Structures are given as C-alpha cells and as structure tokens.
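Residue numbers (my numbering), protein chains in the order written: chain A, 1 to 316; chain B, 317 to 580.
What the hints contain is simulated information worked out from the structure, not anything from laboratory work.
Values in this document were obtained by computation on a predicted structure and should not be read as measured data.
There could be a bad hint or two in this list.
[Said to hold, decoys possible] The calculated lysine to aspartate or glutamate pairs, modelled on EDC-like cross-linking and capped at a C-alpha distance of 20 Å, are: (1) LYS575/B / ASP551/B; (2) LYS236/A / GLU369/B; (3) LYS432/B / ASP489/B; (4) LYS7/A / ASP60/A; (5) LYS82/A / ASP63/A; (6) LYS575/B / ASP235/A; (7) LYS7/A / ASP466/B; (8) LYS236/A / ASP561/B; (9) LYS348/B / GLU369/B; (10) LYS405/B / GLU352/B; (11) LYS348/B / GLU401/B; (12) LYS502/B / GLU8/A; (13) LYS135/A / GLU112/A; (14) LYS7/A / ASP474/B; (15) LYS236/A / GLU196/A; (16) LYS380/B / ASP330/B; (17) LYS7/A / GLU298/A; (18) LYS348/B / GLU473/B; (19) LYS449/B / GLU496/B; (20) LYS257/A / GLU225/A; (21) LYS13/A / GLU352/B; (22) LYS432/B / GLU369/B; (23) LYS422/B / ASP474/B; (24) LYS163/A / ASP122/A; (25) LYS254/A / ASP101/A; (26) LYS257/A / ASP63/A; (27) LYS236/A / GLU496/B; (28) LYS7/A / ASP506/B; (29) LYS7/A / GLU473/B; (30) LYS332/B / ASP547/B; (31) LYS445/B / ASP466/B; (32) LYS163/A / ASP571/B; (33) LYS575/B / GLU8/A; (34) LYS252/A / GLU138/A; (35) LYS271/A / GLU138/A.
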Amino acid sequence: MAVTIVKERWTSKVTEVVIGAEPKAVKLGGETTMPFLHFEGGMPNRPKVALEVFDQQPGDWADVLMAPFADVMGDPVAWAKKNVALGADLVALRLVSAHPDTGNASPADVAETCRKVGAAVDVPLVVIGCGVEEKDAEVLQAAAEALAGKNCLIGSASTNNYKTITAAAMVHGHNVIASSPLDINLAKQLNILITEMNMAANRIVIDPLIGALGYGIEYAYSIMERARMGALMGDKMLAMPVVCFVGQEAWKTKEAKSPTAESPQWGDQAKRSILWEVITAVALAQAGGDLFIMRHPESVKQFNAHLDVMMKAFTY
Amino acid sequence: MILIGERINGMFKDIKEAILNHDPVRVEYWAKRQTEQGAHYLDINTGPTVSPEDAPAVMEWLTKTAQGVSILPCCLDSTNPAAIEAGLKVHKGKALINSTSADQAKMDIYFPMAVKYGAALIGLAMNEKGVPKGAADRTALAMELVVNADAYGLPMEDLFIDPLALPANVAQDHGPEVIEALRQIKMLADPAPRTTLGLSNVSQRCAERPLLNRTYMVMCMTAGLDSAIVDVDDDLLVNAAAAADILLNRNIYCDAFLKTFRQR
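Chain A on its own, in the form it takes in the complex (with noise of 0.2 Å):
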C-alpha cells in the first residue's frame, strides 16, 4: 500500500553568505527546509568548519589538544596554515593578545598579526575579538582595516558594540558575527539595528552563543530551531545563517578537561573530549548550525564523516 509522504511547504528561505574571495570562497545558509530533510526541500550549502588560531599561547588547553598543534602554537602564521592542512574550511584567527589581562596588545599590533595570517593563507578568514566590547571596538575597527577587501567574517557585535564593529566591517567589505545571550528576540532585535545601519541583511551570521552539550545545549538547539522555523515562514530578521562556537563550548567542560586519571570512571581522555565536542556539533547541526568554530582536528575529521552521510541526497 502507498503512502503519501506529507512534505511541508515553507514560503522562504535562509539567506545565503558568502565569507572570502574565490577560488576558496565559503557560503553559509541558502537553505528552504529544516536540517538535512533533503526529500522536502534545498540544502544548498554543506555546514562549514573552522579550525581555531590563537595570537598567543593559550593558557588552559587541555594536553589532549595541544597535542595536535605543539609544533607550530607560537607561530599563528604557522599555525593557521597546519589548520589549512588540516582540513579546516575556514580559520578562526582569535584575537586573545587584545585582551587586558592577557597581554593588553595594541590595535596596532593585532592589525600586523592579521595581516601576516590574511597573507598566508587563501581559505576565508573568521576574525574573533577578545571579548571585552569595547576593547573589541578598536581592535576590530583595526583588524577589518588590516584584512581590506578579503570579504572576512568578523565578530562578535553585540548590543553594546555593534555600531563600531558594523561601520568597520561596512567599509572594509566585511560581514559581521551578531552574538546575543541566548536570547532569540534581542537576535532579532540585534539583526534590526545593525540592518538599519544600511549593512546588508547577507552580510550577516548569528552567534545564539550556544552552550556546549550537557551546558545548555538543548536551549540553544531550541532557540536555533525556532530561529530557522521564523526564517523559512517568511522572518526576514531570522533568516541569517547560524555560527555555533563548538570548540570553545565544549573543551570548557570538566568532561573534556578532566584527564582519565582524575575521573577514570568517565573514560578515557582522548577520547571522551573528542566525543564532546563532536557530539555538540552534531547537534547543533541537526538545529541548523551552518557554520562550526572547533577546536580539535580528529572531532573536524568525525563531524565532516558524519556530514558525509547527513549530506546525501534522498527521496522517498
């Protein structure tokens, strides 16, 4: 006997973005359904993954992840290029040395370290502040002018921040990360102000600011898939594609940072903080994350053979 498959017909879409220049440009978004239901509608786009640089040596990093990149930490030139190697589709270049207790680095300085790191590599480039907003207002004004014209993806803006980072993404041809609280109506409302600063509607990417598995994940997933529900029914203020910050969430917890001797009844290491970090990325793509900030290149490898298998076109 038949069955009719019931498929739900959206009216919109998530805008497409491109982050970088060709040959290696990267577009997030475009899709007109839910995650992977490619029987019902378009997934024009493959979820992307970026691979972490840091400006200076991180202080609290696992032995477990630090392992993969002790030959070329100090370097971020280097560094940047091992991610390349690695697989990454894009580089996250973190701007820690801005930060006041950790170097208090220039504008200046930041802006020379982000020329050398746009020069080396030709994959697009995510530019991440420290996280001190208005440390952030002069440091990214900086970076945007030192990157000019490699169409970067800078952040993050926020309520209290937005308007400096936006006018400098604005005139150097970027696109700019709006990050909110897990808070689906200051997104929203974050995405309005900056949008009326003239800055186009696809030049933007949404951090909800998720929270790694077992520390909030299921409110991000909840928000990102009401977020993606708005934007397919037309919310012309959802519909930008979502950059979830896997890597940072997920080697903050105790079950990634643990070592197997300290919590032997949780497993070993290695293995449990990779599983960590995979697992909050898949998740978090079945809410319709588009773009993966990670930190590990084994959990890349998993995630991307997970994406293997969810990317596959089928029909009923």
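Start from chain A and add chain B according to the hints.
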C-alpha cells in the same frame, strides 16, 4: 496577519476622477502609500460608476498603474468575471481574486480561473439567498467552497473564505456568529482554508469606526482570521494587527515589532 489595502476603489472621489480622466497620479500615490504603511495586497476596485463594458479595460489599467510603482500583489475586486480576467492577464506575481460566492454557477467560473492564472481566491460564505445568520449555516456554505477548491485543484491555502462581517448597529447578532464561523471554517480541511473579512463593514454607519474595526479584527484574529481588507492608513489598526501576531505567537517577538510588521 495579512492586510489588504482598500483605498484604490472607484467609490473614492479621487480614484473615480483618475479613472474618468485616465490620470495615474492618484492611483500611484495610493499604491505607494499603502505599500509604505504595511499592506500585503492592494485591493483594486473600479467602483460603482464604471459600466460593465468598460470595467475590463479599467481593471487592467488600474492593475498596471498600481504595480508600476509597487511590488505588492493585487486583490482584484469586481463582480464582473471579464474584468477580473483582464486584471489577471496583466498581473505580476500571484493575484487574489475578490470574489466568488457559494453559488455553483459563480464557483464554476472563478475556481477554474484561479487555477488557470495561479491566483488565490476569496470565497464568500453566501449565495443568492443572501448572508445566513448562524455560524453553522455560514460554515455549511464555506464547506461548498472547500469542496469546489478540492474538485478544481485549487490548493486549500489559496482559498480565503469570508464569513461576511455585517454592521454592528443593525446586525449586532451577527458579530459573534462570524467569530464562531471562523473557528469552524478552520476545521473544514487539513491544511485548512484561509480566511478573510471586509473589516470596515462591521462599523458601517456606526460611531467610533476605527475603534470598532480594530477591536473586531483582533477578536477575529484569535478565532482564525488570516487576512482582512482594511484602511492601512489607520496606524492604530496596523499596530493592533502587529501586536496580535506577537500575542498569538505567530511572529517572533523583538522590541521593534511594530517596525518589522510593516517591512515588505
């Protein structure tokens, strides 16, 4: 909530003269203004003074003039099938035909026309006997429209059923019946047909027209009203529609919700 702007109607003096003199200025003015005010469709009505022979040409001219300055689709408002078809022929995008009744002879004209031109269709829950009183009787006529949509192959979301609002002063007992009819109409099929109302009818010749209009609109939205033909210049009305969409969880909240509701 979908708003159909009612202003381009030959019953208004400036539009009547524009039609008489073949002068596009006022038509373009109201097309642009209603678009800025947040309309989703522009109702296009030749008005009562245009003869049946002239109606098709006038409808064609009004549609082309309005769409020359606005990206909005039109709601082609006429009792004359030739005029409706003339508008459909030049219409850019998906039009809304206003309207058919539940008389089989009319349905046999308008449903195939809607399917042929890929248009949506407003169906009035009335026939040659008039507007029924009770909700159940309105729903019974709505069912005729649903059955014809199914038979002719018009997608159910493209059928907008109008349970017919009547003036609150002389037909006060119809008010709650329309609301109940909206609820019942939404249960007639899955996916459900959509619904509409000529909202200004509820306050015809009453005092406090804007207040009656926007209050009734919100009451009906809760019962399943998807769209209405309204005066989009009435900011309080448009704001009430925006607020009701938020309160009914049909649109994701943001502080600038009044602004985003009006963006096209």
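If you check each hint against the structure, which ones fail?
Numbers 2, 3, 4, 9, 10, 11, 17, 18, 20, 21, 22, 24, 25, 27, 31, 33, 34 and 35 - these are the hints that the structure violates, sorted from lowest upward.
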